[in-house]
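Student: Top to bottom, those sequences are chains A and B. Quick note: the first sequence uses my numbering, first residue 15, plus one each step. Quick note: the second sequence uses my numbering, first residue 66, plus one each step.
Check each hint, because a few of them may be wrong.
One-sided and incomplete, this derived list gives chain B residues near chain A with beta-carbon spacing under 8 Å [unchecked claim]:
hint, residue
1, A134
2, Y141
3, P143
4, S153
5, I154
6, F159
7, D165
8, G166
9, H167
10, G170
11, P172
12, L173
13, Y195
14, P199
15, R285
16, D288
Beyond 12 Å from chain B on every Cβ pair, some chain A residues (computed) [what the hints assert, rightly or not]:
hint, residue
17, T30
18, Q44
19, A94
20, G175
21, V182
22, V299
23, H301
Note that these hints are calculated values from the structure, not bench results. All of these numbers come straight from a predicted model, not from anything done at the bench. Note that CB positions come from ideal geometry on N, CA and C, so glycine has one too.
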Amino acid sequence: MGDVLLVVTDTTPRLTWNLIADVAAIFQYQFMDNAYMAGTVVAIVAGAIGYFVVLRGSAFAAHALSHIGFAGATGAVVLAINPIFGLLAFTMGSGMVIGALGSRLRSRDVTIGIVLAWTLGLGVLFISLYTGYAQEAYALLFGEILGISVQEVLITAVVAGLALVALVVMYRPLLYASVDQDLALAKGVPTVALSVAFMAVLALAVTDAVQVVGVLLIFALIVTPAAIAIRFTTRPRFAIATAVGLSLAFTWLGLAIAYYSPHPVSFFITSLAFGTYVAVRVVEVLHTRVSRTTSADA
Amino acid sequence: MNVVVASGLAARYAERTVWSGADFRISRGSFTAVLGPNGAGKSTLFKLLLGQLTPAAGDLTVFGAHPHAGDPRIGYIPQSSSFDADFSIRGRDFVGLGIDGHRWGIPLGGGARDRRVVDDAVGVVDAARYVDRPIGRLSGGEQQRLLLAHALVGQPELLLMDEPLSHLDVRNQGAIVNVIGKVVRERGITVLLIAHDVNPLLPYIDNVLYIANGKTAIGRPSDIITAATLSAIYSAPIDVLTDRMGRVFVTGLDEEVTHPHG
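Bound-form chain B, shown alone (with noise of 0.2 Å):
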């Protein structure tokens, strides 16, 4: 069953169109990663499912129907999510907002078992150890886990992360991707993750969503990330090198890929 359809999707972003033409299913339980270069409109993508935007053109579903905002299926997690280091407020409470922060007043009962979904997600994690602590003072990577947890409190089917991985060093990388491929496995969610290197990736993921010159490409990674594919999405020559541990490396139009609208 597919959770997103996309049939001849255009997004339109701050009065310019930055995609067209995008046609793609996402099937219940699978793990993808939207990658292309910045400003290529993977956070529009994310806008559009949330309901924040609507369409330019064609036709968008998610469990379907048409996205609205505030859909309690969805989990999100934002880009450059990050706190101050003065932001005082404990681990345990921010992720608590996730069950019903969205709700009116003042919260009175349901104290236990709203605790136990928090411990729960913590658990899942791995962020028992910190959850007490206040937010802003906790590592990058413990701050993501925590963004994890309180998205996964929600009971989300669908789950949108705009590049968790960014500002992590590899090895947190590696344990975040671990701990993301491991709940949606064990909870049968849907994940579309936003990403600038797909190497920690690719032992989870099922596809690759490839944005990129207002044009989008669908399929197994061994598929998409190919000079063919990349080549024919960027019309101009591009390269996919693979090394000896199995790392893949795209090169080639550097200018175009970093100023695709230039």
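Chain A extracted, bound-state conformation (with noise of 0.2 Å):
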């Protein structure tokens, strides 16, 4: 995004037998070093976060989060500003009001899904009044982490240092208000307060996903590692290193895949996040038949 590097090709890169020069060449360009720092960054945060996002119910407030702030990156460019400025301040506004809105509130999703809507049709019109390219419009939904520049790079990491820090000093009552609220309440968690916060956090981690995945495929960055790292644990520091580890083997051999293919990197990311899922939860239902079978009282 941003000031748009067009990578042409004449030919895709062939795989050799030898690994490690295949590894080699993947990083001797800088726009494979970029996407590499900037994907490392985006899969730590995404996965940490991710475990408060499926341990909160929250997964739907950040797939909005994404959507919302696609009307900011695209006004944004029309503004002739960075996308990732109109992006953050479109998921920050939007994400303080969802968490101030509160999880109590039934129709909470309805009133976030009505909202999203609007903005949708927001960032459509911002794209028509920006008679440049589709390519800003094509990279903010489906992501480019190929085209990111340096500079997008420290923007990035300096995001996910703002939001990681955030989780490490809320890491306890966040926890304990996502088990349960009322007890949170009692103890004297300001859970209102930590909702807004958390939210903040969430919109920092999905303005920095959409870099990498673009803001259609967000789930696959933030809700899928963790999604399968609570299947794997009941401890949340370990849930937590689970989806971290997910997130980044994910995006990690995403590009690489990518680099030695014709085809999008977000496919292969998203990809081995959903055949990860789907492999768990197969093996999960074996497992469970094998055990009823073999033990009679469990």
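Mind assembling these two chains? They're in different frames, but the hints should get you there.
Tutor: Put into structure tokens, the structure is as follows:
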């Protein structure tokens, strides 16, 4: 995004049987270095916050934030500003409003959906106002990590750093409020302020993740790794570490595969995430069947 | 010594006065059952005690001062606390949040000491067998025991339990009440417990706080759960029947009991 780097290679790189040479080949280009740096930073923050998104049942809110951010990003493009700032402003603003609505509000998801539809409409308007090229919109919707500049890597890292520091500070009361809001409130945890702060941090993470997978595919980096992680461990810190590890694996592998293929990175990252999730669920079902037949008292 | 003192207390919730003119004292180490129909304002009393609501009139003190949110001396089990089947947190981690869940940051030291406190509370409620399982996979009775352990690790002096017995079968009700009765005697904890049926509680409680029809009454069970007292509260004839097992049943005016504000 931003200053567009159009990478045109006349031939797709070929895989050899030398794994080390293949990996080394990936890093001979600056744009791949940038992609790996940004991807790594994003995977860490997305995996970590994803755990709380899943625990709090805020998956839809995360999805909505990215879509609302789309209007901000396209608006910024019209105003000739780096779209990441428009993205940040819109995800932050809407995130804090959603956080203030609180999870108790039964109609929250309906309200979010209504706002989301309107902001997507705004995004369409902004795209039509910007008579340049559809490339910007495409990059925002589906991610364009191979076109990321060094400056954007830096912004991504700063945003991720802020989000991670905030998560570390909020860790215990956020976990408490996510487990049981009434219990946390009775112990003096400021649950409403925490809900707003969490959505603000989620806005930072979403803004970052849009760089990699775009607004439409945000689930693959934020929700899927954490959804897999909680099936492996019931310990919060292990679950966060697992989610981060999975998020990193999907991003790194997705980038490597994309380097040797003519198809988009986002496709490989989302497919790796989806494939892993399906595999885990299938293994789980088989496992429970086996343990049911082997032990009668389970 | 009194842990809770209410004088001329009135509670307002969602812009309407639910009850008023409440005068009662809860002495240290006593076990009080809070009874009354749905919507009478039993949970509202807990919100006042937790400092989450302010009195509409009158005065309320807890430990000799006005209640404030987050008082570490108060343990709380909210109404209909239960966890979804896919809620993937170990029982042990849930109980541990009762020690330090309200503090900022990621816990670094104090692991061994906290672990002892958790093991101790888990032992008291007899939940050691399943404390390392995901809490969402446990039965209602098992979850209720872990909620009690979670409250106990905070070393409370006052324990507020909002309908911990509903959704439990009779056998589990008896077992949980037995654990509660034992713990509060051993540790000298003052307990207020909201219930619909007083019978499983009768062997353990010192007092009954009855909230109905905008009014409150407190006293020993045998003084409060009588035709005369309840008829006075409801301003209508109420019958109290006692069976051969010593169980009491309140009858009469069912419509007013279920719809006290209708």
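Student: Hints first: check each against the structure and report whether it holds.
Tutor: Hints and how they fare:
Annotation: interface hint on A134/B holds; nearest CB of chain A at approximately 5 Å, less than 8 Å. Using the Cβ-Cβ criterion of 8 Å, the hint placing Y141/B at the interface with chain A is satisfied: the shortest such distance is roughly 4 Å. About 4 Å separates the beta-carbon of P143/B from the nearest beta-carbon of chain A, less than 8 Å, and the hint is met. Look at S153/B: its Cβ gets to within about 4 Å of chain A, closer than 8 Å, so that hint holds up.
Annotation: interface hint on I154/B holds; nearest CB of chain A at approximately 6 Å, less than 8 Å. Given the 8 Å rule on beta carbons, the hint for F159/B holds: about 6 Å separates it from the nearest Cβ of chain A. Residue-level restraint check for D165/B holds (minimum Cβ-Cβ distance to chain A is 6 Å; threshold 8 Å). Checking G166/B against chain A: minimum C-beta separation of about 3 Å stays under 8 Å; hint holds.
Hint on H167/B holds. Least Cβ distance to chain A is approximately 4 Å, under the 8 Å limit. Checking G170/B against chain A: minimum C-beta separation of about 6 Å stays under 8 Å; hint holds. Hint on P172/B holds. Least Cβ distance to chain A is approximately 7 Å, under the 8 Å limit. For L173/B, the shortest C-beta to C-beta distance to chain A is roughly 11 Å, which exceeds 8 Å, and the interface hint is violated.
A cut of 8 Å between beta carbons decides the hint on Y195/B: the least distance to chain A is about 12 Å, and the hint is violated. Taken as an interface hint, P199/B checks out: its beta carbon lies about 5 Å from the nearest beta carbon of chain A, inside 8 Å. Checking R285/B against chain A by beta carbon gives a least distance of about 29 Å; that is not within 8 Å, so the hint is violated. Given the 8 Å rule on beta carbons, the hint for D288/B is violated: about 31 Å separates it from the nearest Cβ of chain A.
Non-interface call for T30/A relative to chain B: holds, since the shortest CB-CB distance, roughly 43 Å, exceeds 12 Å. The non-interface label for Q44/A is consistent with chain B: the shortest C-beta to C-beta separation is roughly 36 Å, beyond 12 Å. Annotated as non-interface, A94/A keeps its C-beta farther than 12 Å from every C-beta of chain B; the closest such distance is 41 Å. No Cβ of chain B comes within 12 Å of the Cβ of G175/A; the nearest lies about 16 Å off, and the non-interface call holds.
Interface exclusion of V182/A from chain B breaks down, the closest Cβ pair being 6 Å apart, not more than 12 Å. Interface exclusion of V299/A from chain B stands, the closest Cβ pair being 14 Å apart, more than 12 Å. For H301/A, the non-interface assignment is confirmed: its Cβ lies about 15 Å from the closest Cβ of chain B, beyond the 12 Å cut-off.
In the structure shown, a violation is registered for the earlier hints numbered 12, 13, 15, 16, 21, in ascending order.
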